[in-house]
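K.L.:
Keeping their order, the protein sequence lines are chains G and F.
Per full-length UniProt numbering, the first sequence starts with residue 1, numbered consecutively.
Per full-length UniProt numbering, the second sequence starts with residue 1, numbered consecutively.
Just so you know, not all the hints are guaranteed correct.
When chains are identical, the list treats them as one kind, so a pair holds in a single copy or across two.
As the list claims (entries may be wrong) - Mimicking SDA-like on lysine to any residue, the simulated pairs with C-alpha atoms at most 25 Å apart in a straight line are:
(1) K168 - P47
(2) K249 - G231
(3) K249 - I115
(4) K249 - G118
(5) K168 - S41
(6) K168 - M45
The hints are simulated quantities; they were obtained by calculation from the structure and are not laboratory data.
Predicted model, so just to flag it, every value in this text is computed and none were measured.
Number of protein chains: 2
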Amino acid sequence: MGVVIPLGENKNKQASVKPLVDLTSSGMDRVNQLILSKAGSDVQMIPEVANHLISSGGKRLRPMLTLASAAMFGYQGDSDVKLATSVEFMHTATLLHDDVVDESDLRRGKSTARIIWGNQASVLVGDFLLGQAFKMMVEVGSLDALDVLATAASVIAEGEVLQLSVAKNMETTEDDYLQVIRAKTAALFAAASEVGPIIANADRAGRNALKSYGMNLGLAFQLVDDVLDYGGKAADLGKNVGDDFREGKITLPVILAYRRGTQEERQFWRDAIEGGETDAAQLEKALGLISKYGSLGDTIQRALHYGTIARDALAPLPESAWKDALLEVIDFCVARIN
Amino acid sequence: MGVVIPLGENKNKQASVKPLVDLTSSGMDRVNQLILSKAGSDVQMIPEVANHLISSGGKRLRPMLTLASAAMFGYQGDSDVKLATSVEFMHTATLLHDDVVDESDLRRGKSTARIIWGNQASVLVGDFLLGQAFKMMVEVGSLDALDVLATAASVIAEGEVLQLSVAKNMETTEDDYLQVIRAKTAALFAAASEVGPIIANADRAGRNALKSYGMNLGLAFQLVDDVLDYGGKAADLGKNVGDDFREGKITLPVILAYRRGTQEERQFWRDAIEGGETDAAQLEKALGLISKYGSLGDTIQRALHYGTIARDALAPLPESAWKDALLEVIDFCVARIN
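Chain G extracted, bound-state conformation:
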C-alpha cells in the first residue's frame, strides 16, 4: 500500500529501533536470562509452552522501554531487569490467553501454543507466568511499581472483555475502539514506561512524562498494527493480510470505511463482519472499500497524532542518548508501514 508517511524529525533517514536495542543490550541479556530462569519449572510442559512463545522472535519492545525509562533517570541497580522481565511475562501471558480467546492458529508465522498443546495449557501457563511476574515485582519491593503493574493487569483484562462485547458489532465507534486499544495495548506500554522513573525515584513530572509517552506510543503502535493487517506482507508480520477481517475483528480501517460508505457498502460490511462472509472475494472487496475511502492513510494520520503527543510528553526532559532512542522508537513504530 503506497501510503506516504511524514515522519517526525527523522524525515531523511529510516527510523529504527536499533539505538534502543544497542543501549539496552546488556540489560536485555540479563532480562533474557531471567526469562529463561523464571519460565522454568519441574513441570515440563511449562517451559515448553513458555519458550515456544518467548523464543518466537518478538521484538521485546516493552522490556526495553522499562530499561530505558529507568536508565534515563540515572537508575543503578537490578530492579529494572526484574520489572522488565515482569512486563514481558505479563505480555506473554496476555498473548497465550488471547490466542485461546480469538481461537488463533498462527502467531508470528508459527502455530500457536493452543494448537500444539491445547487451550488448557495456554490458559494455565499464562496464569503461571502472571504469577511469576507478580513474584518478581514483589522481590523488587516497590509498592508504587506494584500498583502501576497490578492496575495495568486489571485494565488489560477489562479491555479484552470490552473487545468481546463490541466484537462483530459494526456500530462500534472510533471512541469505543480507542477505549479497547487504550486498555488492551497502550496500558501495558504506559506501565512499562512508568515503572522506570518510579524505581529511579524520579519526581511526579518524570513519572507522568514517561507514562504519557508509553500510553501514546502504545496507541500509535496498535493503530499501525491494524493498518498492517490490511496492507502488510505475511512474511514481515508472521500473519496474513486480512487475518483481522477473517476473524471479524473491528479495527479503525474498517470503522472508517463502514461509516463513510454507502448503504449498500455498509450492508456488505455487516454481512462480512457480523455474518462471517469473509472469503477471498469478500476480502478483495473490503480492501477496495478501504482504499476508496482512504481508511489506511487516515488511520496512519491518527497514529501520527498519538506519536506527536508521545514526543511532546518527553520534550521537557533533559537531552540524552536514552531520550533520543525513545523518540526514534515513535517514528519506528509508524515507519513499520513501509
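Since chain G is already given, all that's left is putting chain F on it; use the hints.
P.N.:
Same frame as chain G, but now just chain F:
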C-alpha cells in the same frame, strides 16, 4: 457410603463450620460488599460473569480463614477484609479458568460461566479478578503478604499444569496426586491462613503454625471432595456422582483401586480413564471396585491423617474462640462425608 469416621475431639457432636461463620460474620459482611464493589466494571459482562459465580453459594471458607487467622493474633484494622477478598477472587479466577480447562458444564448445580458466556469471557473475567486481587493486596501494602499470595498464584497454576500432564494416566502415583492437590488446592488454603498472622505482625512461629494448618486442612478438604465424587449426592454437591470418573480425572480413590486390583481390573481402569469408556455400566463397575478395595475408607483415613497434622499445628497457640472455630473446621471438612 456407610463409612465410619472417627472425628478428632468432637466425637459426640456434629462438627460444624458454624462457629467460624458466626465469629467472622461482621467481617464477612464487609468482604461480601468489597467483592461486589471490586467485581464491578463499566464493562457490563464483567459483573455479570463474576456475580454468577460469586453468588452461586460457595461457603467462602478461604476468606473466613484469613479473617480468623488475623483475629486470632489480635489484628485490628481493615487489611484483613481486603486480603480475604483477594483470596476469594484468586479462588474465583481459578474456578473460571478450571471450568474452561476441564470443559465443565456444571458447577454447584448451575451452568458454568463458560456455558452461558463462552470460554472467552471465563478466561478474561478470571484475569480481571486476578488483577483486582493484586490491586487490593498492593493497597494493603504488606510485601510479606504479597509474596505469600503471589507465590500461591504461581504454585496453583503450576499444579494445574501438572494435573494436565498426569491426566488420564493410570500410572499416576499417590505421590504425584498429592503433589497436584498440594499445589492446586492446599496452597491457597495455606496462603489464606498465613496472611492473617502476617498483617497482625505475629512472630515466625505463629505464621508457620497457620501456614501448616491451612496446607493440611486443604489436603484433607480435597481428599474428602474426591471421596464425595464417588459417594455423595448431587443435591448436596451441585454435581453428580461419578463426574470425576466421566471426566477421566485421577483421584486417590481410583489410584488405590487401580493399584490394588487384578490385571483384569487394571485393564478396566485403563479402558475407562485412558480410553474414555465411562458410561453408566462402567461407573457401576468402578464403584464396585472402589468398594471392593476399600478405597473410599482409606482415602478418608488419609484425610484424617492431614487433619491431625493441621490440629497439631495449632496446638501451641493460646486457647481462644478463634482457635476452637478453626479446629472445628477440620472436623467439619471430614464430616461432610455423612
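K.L.:
For each hint, tell me whether it holds in the structure or not.
P.N.:
Hints and how they fare:
no.: 1; hint: K168 - P47; in the structure: between (35 Å within a copy, 22 Å between copies)
no.: 2; hint: K249 - G231; in the structure: within (15 Å within a copy, 48 Å between copies)
no.: 3; hint: K249 - I115; in the structure: both (20 Å within a copy, 23 Å between copies)
no.: 4; hint: K249 - G118; in the structure: both (23 Å within a copy, 17 Å between copies)
no.: 5; hint: K168 - S41; in the structure: between (39 Å within a copy, 21 Å between copies)
no.: 6; hint: K168 - M45; in the structure: between (34 Å within a copy, 16 Å between copies)
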